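A.B. asks: Residues -22 to -1, 1 to 296 in mature numbering (1 follows the signal peptide of the UniProt record, and there is no 0) are what the sequence shown spells out, letter by letter.
Hints are computed from structural coordinates only; laboratory data are not their basis.
Computed from a predicted structure; not experimentally measured.
Beta carbons are placed, not taken as given, at the ideal position from N, Cα and C, and that holds for glycine.
Distance condition first, Cα-Cα at most 35 Å in a straight line; then the derived DSBU-like pairs of lysine-lysine:
| hint | residue 1 | residue 2 |
| --- | --- | --- |
| 1 | 161 | 77 |
| 2 | 40 | 171 |
| 3 | 209 | 103 |
| 4 | 135 | 124 |
| 5 | 208 | 269 |
| 6 | 53 | 43 |
| 7 | 160 | 17 |
| 8 | 84 | 40 |
| 9 | 53 | 17 |
| 10 | 160 | 122 |
| 11 | 208 | 218 |
| 12 | 161 | 135 |
| 13 | 43 | 17 |
| 14 | 184 | 53 |
| 15 | 124 | 209 |
| 16 | 124 | 218 |
| 17 | 184 | 218 |
| 18 | 276 | 209 |
| 19 | 40 | 269 |
| 20 | 103 | 161 |
| 21 | 208 | 161 |
| 22 | 218 | 160 |
| 23 | 135 | 218 |
| 24 | 160 | 208 |
| 25 | 84 | 269 |
| 26 | 77 | 160 |
| 27 | 17 | 40 |
| 28 | 135 | 103 |
| 29 | 122 | 209 |
| 30 | 161 | 209 |
| 31 | 184 | 122 |
Here are the simulated distance ranges between beta carbons:
| hint | residue 1 | residue 2 | range |
| --- | --- | --- | --- |
| 32 | 238 | 104 | 28 to 36 Å |
| 33 | 61 | 224 | 44 to 52 Å |
| 34 | 17 | 159 | 33 to 41 Å |
| 35 | 160 | 268 | 34 to 42 Å |
| 36 | 128 | 82 | 43 to 51 Å |
| 37 | 155 | 91 | 12 to 20 Å |
| 38 | 172 | 84 | 34 to 42 Å |
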Amino acid sequence: MKKYSLLSCIGLIAFACTFVSCNQGGSSPTDTATSGEIKIGVDESFAPILESHIDTFMGLYKYAKINPVYQSEGKVMEALLQDSIRLAVATRRLTQEEKDAFAREKITPTVIHIATDGIALIINKANTDTTLTLQQVRDIFTGKFKDWSQVSGAQAKGPITIVFDNSNSSTARYILDSINLKKPLPANTYATKSNRNLVDYIAQNKNAIGVIGVNWISDRDDTTTTSFLKKVNVVGISTKNAPTSVEDYIQPYQAYLAQGTYPLTREVFIISREARTGLGTGFASFVSGDKGQRIVLKSGLVPASMPVRIVGFSEEEE
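Make the full structure from the sequences, and use the hints.
C.D. replies: Written as C-alpha cells, this is what we have:
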C-alpha cells in the first residue's frame, strides 16, 4: 500500500471513531470503516453529489462497496427507522417521534451536518418572468395566484402549474414548512417521478413552475447540470416586496447560499444508526472530512466545515 493511502486510511479510521455511538451488540461485524458492503439511503435531490462522494470513496478504498438507494426523503427516513439502511442523507434532523423510536431500540443516532443547499424554482424557457418576490412565491404556492397574469409585472399569461419531483420529497416539505407556513398546496400541484422528469416537464410546459434542489443545477462542470440549464430558466428571488433594481433578486449561487442572502436555503445531514466503527461511520467521516467537503465545494453547495471564499469586485477609482 502506498504511504499516502496508508496515512489516509489511518486518519479516516481515527476520525471515524469520533462519530461512533456507545451502543454495542448485535451480530459480529463484517465490515470496517474502509471495507465491506452496506446499503445507504439518499434523498433523491442529492443524487449527483452523493454519486461523486461514493465513487471517490470506493476509489480510495477498493474493498469498500456502498450501495445507495435514491428515494424521496420520507421513504429514506422510513427505511432508516426500519433498519433496512444503516445511514441516511436528508435535509432535516430527527423528529422527536423518530428519536423516541430509536431510544426504544437503545440506539443513539449520529447526526452530522455536511452542507448547506438551496431550493431553486425553475420555469420554461419561453416564460420571461424570471424574477419573483418571496411574497409572490408564497402567493403562487398557497394558490392565491392561479394564473401568471395575477403576478405583478408578469408578461406571461395562462394557468400556473406547480410541479415537484415527488409528493413526499424534501422539496415539497420545505415549501409546505417554510413558504406556505403549513398551509396546504393548491389543486394545481402535481408530482413527477424524479428530478429529471421534473426538468423535462418544465421544459415542455410553458406555464409550469418547478421546485428542485440546487444540487441539480449548481455544478457547471457536470454534464447533467449543463443539460438541465439549457432546458429551463432559474428564477431569481427577492425578499423585498417592492424591489427597485435587478440586483434585489438573488439567484441560488454558492456565494449567496454561503452569505445567507438567497432566501430558500436548507441544511443537509447524514444520519447514522451505526453503533460501531463500521463502513457507514467511515463513509460519514469521509463526507464530513477534508476530501468530502471539497467535493461539496466543487458541486456548488456550501460545505459545513470548509470556508467558502467570496470574492468582491469594485470599480477602480480613476
